[in-house]
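Heads up: the sequence lines are chains A and B, in that order.
Anchor point for the first sequence: position 145 equals 144 in numbering that gives the first Met the number 0, and the numbering is continuous, going up by one each time.
Anchor point for the second sequence: position 107 equals 106 in numbering that gives the first Met the number 0, and the numbering is continuous, going up by one each time.
Careful, some of the hints might be misleading.
Stated by the list, open to error - Straight line, CA to CA, 30 Å or less: simulated DSBU-like cross-link-like pairs of lysine-lysine:
1. B:Lys52 <-> B:Lys65
2. B:Lys19 <-> A:Lys159
3. A:Lys256 <-> A:Lys135
4. B:Lys107 <-> A:Lys61
5. B:Lys65 <-> B:Lys107
6. B:Lys65 <-> A:Lys61
7. B:Lys19 <-> A:Lys61
8. B:Lys65 <-> A:Lys208
9. B:Lys107 <-> B:Lys60
10. A:Lys159 <-> B:Lys52
11. A:Lys249 <-> A:Lys269
12. B:Lys60 <-> A:Lys61
13. A:Lys208 <-> A:Lys236
14. A:Lys165 <-> A:Lys135
15. A:Lys165 <-> A:Lys269
16. A:Lys61 <-> B:Lys52
Because the hints were derived from the structure by calculation, they are not lab data.
Every value quoted in this text rests on a predicted model; they were computed, and no experiment measured them.
Single-letter residue listing:
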Amino acid sequence: MCDTCGCGQPENKVTITVPGSEPVDPREHTHTHGGITYTHTHDHEAGHTHDHGDDHDHLQSKEIIVGQDILTRNNLLAERNRGFFEACNILVLNLVSSPGSGKTVFLERTLRDMTGIPYTIIEGDQQTMNDAMRIKETGAPVVQINTGTGCHLDAEMIHKALKVLKPADDSVLFIENVGNLVCPALFDLGENYRVVIMSVTEGEDKPLKYPTMFRSSHLCVINKMDLLPYVDFDLDKARSYAAQVNPHLKFFEVSAKTGQGMNLWYDWLKNTRTLMASTG
Amino acid sequence: MHELSIALEIIDIAEEHAHKAHALSVTEIELEIGELSGVEMEALDFALEVAVKDTMLSGAKRTVDKVPGQARCNDCMHEFPVDDLFTPCPVCHGFNTSIIRGQELRIKSLFVNEI
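Next up, chain A with everything else stripped away, as it sits in the complex:
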C-alpha cells in the first residue's frame, strides 16, 4: 500500500528529478514500512496457528510503555538537515501556501531580481516537472520532488533531495512545498524560516481556517496585491486574523507579478544573510 494515501498503487511513489534527467529513486523503502506484511513465520515453528482465539491460554498479555512522539523520525531527520544547513551556513526557507497563491511566481521573481546570491531550489508537487522547469529557466539549480499522491514534503525527502542538489556553502535554499495549508504544517524540514503565502484572491480568514500553518510560520507574504482593487479581500482583517494566530509573524504585501512591495522582502533576505554571516 502507498504510504501517503493508502491507494495501493505503487506508481504513486516519491520521485526526485533534476530537470532533463531520469528520476532517481529517493527512498526505496518508502513502500516498506506501512506495507509490511507480517506472516508470523517466526511463530509457526512453535506449531500453532494464528486464529488468536480464546483457546490460546499459553499467550500472555503484556503492557509495553512506549511514550514516544509519533513524529520522532521526521523530527530527528529535520534536525539532521538543520545541522547540515547550519554547518554550511545555508539559509533555508520553506514556502507553504494553498495551491494557486503564486509561490512559484514569487520565487521566480526573487531569483531573477536578487542576483548575486547562490540559490538552490527544491520543488514539491504531487505530479509534473512544470515548476522545476520554470525555475530552471532562471538558471538556479533545482530538483523536483513528486510526492505522488502525498500531500506534503517531509524531512526524509529533503534529505534525499540534498544529496542530488548539493547546495553550496553560504547559499540560499528555497523549498517550495506542496500547495496545501494543512498537511505540511506538521512536518519540520529543518528550515530556518517557514514562509506562508496567501493571496488577495483567497478569503481573508485563511489564517483562522488554517491556524496550525500560520502559527508555525515566521513570515507571511500577502501576494497578488495588484488585484486588491478588484476583489473583496479585506487586507486589515487578513493581517489582524494572522496576527491573532501568530503575533510574531512578519508581513510582506507584494505583487510577485508587478514587483510591487518585493523590495522589502529582498531587504529582509539580504539582512538575514548578513546576520547569518556575522553570527555563523
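Fit chain B to the known structure of chain A by using the hints.
Here is chain B on its own, set in the frame of chain A:
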C-alpha cells in the same frame, strides 16, 4: 490526508517496540492526541483502520486519550484552556500565547501477546 502518514508512523513505532519485546501481536494501542495537534481524529481513525491490515496491529483495539488545549499568556503568564490557536488571554486580552498542552501526538503504550 497527512493522517495516513501519521498512522503509518504509529504502526512503524508500535511494531518496532513489539518486535523488541518478542511479541506475537499487538492487542491494544493507547495514543495520546492533543486536540490542537493538527490531526483530525476521525481521519486518523479511518487511516489506522486501513493501514493496520496485515501488520502486527491488525485487529488491535485503539484507545485515544484526547488532550484538551491549554495556553499560557506570554505577557501576564496566565494559564487558560483553549480549543483553538487564536483565543486571546482572558486576563490581559493579548494574543501572545504559547500552547502548553493539546499538541501531543504520542504513543503511550501497547498491550501485546507473547508466548
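| query | Hint by hint, which ones does this structure get wrong, listed from lowest number up? | reply | Checked against the structure, no hint fails, so every one of them is satisfied.
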